[in-house]
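Engineer: Line by line, the protein sequences give chains F and V. Start counting the first sequence at 10; every next residue gets the next number (our numbering). Start counting the second sequence at 5; every next residue gets the next number (our numbering).
Don't read these hints as lab results, they were simulated from the structure. Any given hint could be a false lead.
Stated by the list, open to error - Derived pair list, reagent style SDA-like, types lysine to any residue, alpha-carbon separation capped at 25 Å:
#, chain 1, residue 1, chain 2, residue 2
1, V, Lys37, V, Gly136
2, F, Lys33, V, Leu112
3, V, Lys104, F, Ser104
4, F, Lys75, F, Met12
5, V, Lys104, F, Gly60
6, F, Lys51, F, Ala118
7, F, Lys33, V, Ile107
8, F, Lys11, F, Asp111
9, V, Lys37, V, Arg65
10, F, Lys75, V, Arg65
11, F, Lys33, V, Arg39
12, F, Lys11, V, Arg14
13, F, Lys11, V, Ala36
14, F, Lys11, V, Ala20
15, F, Lys33, V, Arg65
16, F, Lys51, V, Ile107
17, F, Lys51, F, Asn103
18, F, Lys11, F, Gly36
19, F, Lys83, F, Asp111
20, F, Lys33, F, Val45
21, F, Lys75, V, Ala51
22, V, Lys37, F, Asn55
23, F, Lys75, F, Ala118
24, F, Lys33, F, Pro18
Residue strings, one per chain:
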Amino acid sequence: MKMQVHTQPEGIAEILLNGDLDAKGTGEIEMQFVAVTNAESKVLLNMADVGFLASIGIRTILSASKILNRRGGKLVLLSPSQAVEQVLTTCGVNSVVMITHDRAAAAAALA
Amino acid sequence: MISTLSIGNRLADLAAASDWLAAQGESLELHAKTRLAMRLCLEEALANVVTHAYADEGDHRIRLTLSAMADGLSLCIEDDGLPFDPTAAREPAVNDGIEKATIGGRGLRLMRSYATRLSYHRDGNTNCFILGFPRS
């Protein structure tokens with residue numbers, strides 16, 4: 010799993026993930042992911058290139074979202090694949106974290 | 005029985021299990037959806053075992069067996085950990101807002117959603133957890 014961070018307008022930190030969020034992949038990026046979500050307040054998690062998502066990855070996402078929320082920040086998930094989005098909705102993540110395929114809507118939600 | 009694999013009880017061992025299952029899926033020419041379901045359920049079941057099954061820090065073996073049944077495929081996961089019936093475990097409630105959201109416990113929901121059937125029995129000191137999938 011590879012992770013890159015790009016700074017977008019309006020102070021949004023976009024995290025781009027590429028790979029699988031299984032036990033191995035999540036372990037590879039977790040420290041860096043936590044560091045970014047602890048340092049930023051507006052985080053856009055771009056999941057377009059996440060090929061597989063397991064509950065260990067969901068745990069990392071929800072944990073980050075909680076911490077951001079407590080600090081008055083927010084996490085939005087952008088463009089998961091159909092298969093990954095099905096895993097997210099099966100687990101009810103969509104009811105507690107915004108998931109969108111519309112970058113403008115994500116930016117508006119983070120503004 | 006189609007294939008069997010024995011792995012260790014560390015998180016690092018999950019990759020070998022996933023690779024084994026991917027090879028079986030390719031060999032059986034399974035549909036991508038079925039392969040995904042099997043991979044996801046295996047990941048969830050094994051993560052539970054390596055994380056929660058053992059009261060000690062020692063090395064244990066986990067046995068995986070893929071079999072063809074009359075109604076589809078059967079993936080059996082056997083471990084010598086503490087007795088645990090995943091089919092009887094409760095899932096966390098659906099959450100109201102991120103602040104109240106539980107962080108863990110979603111693996112069970114995924115297995116129940118992606119496998120066609122789940123069954124469990126204890127054989128001596130061995131947990132036997134069996135997941136069913138379509139053979140297509």
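Engineer: Which earlier hints can't be squared with this structure?
Structural biologist: 5, 9, 10 and 24
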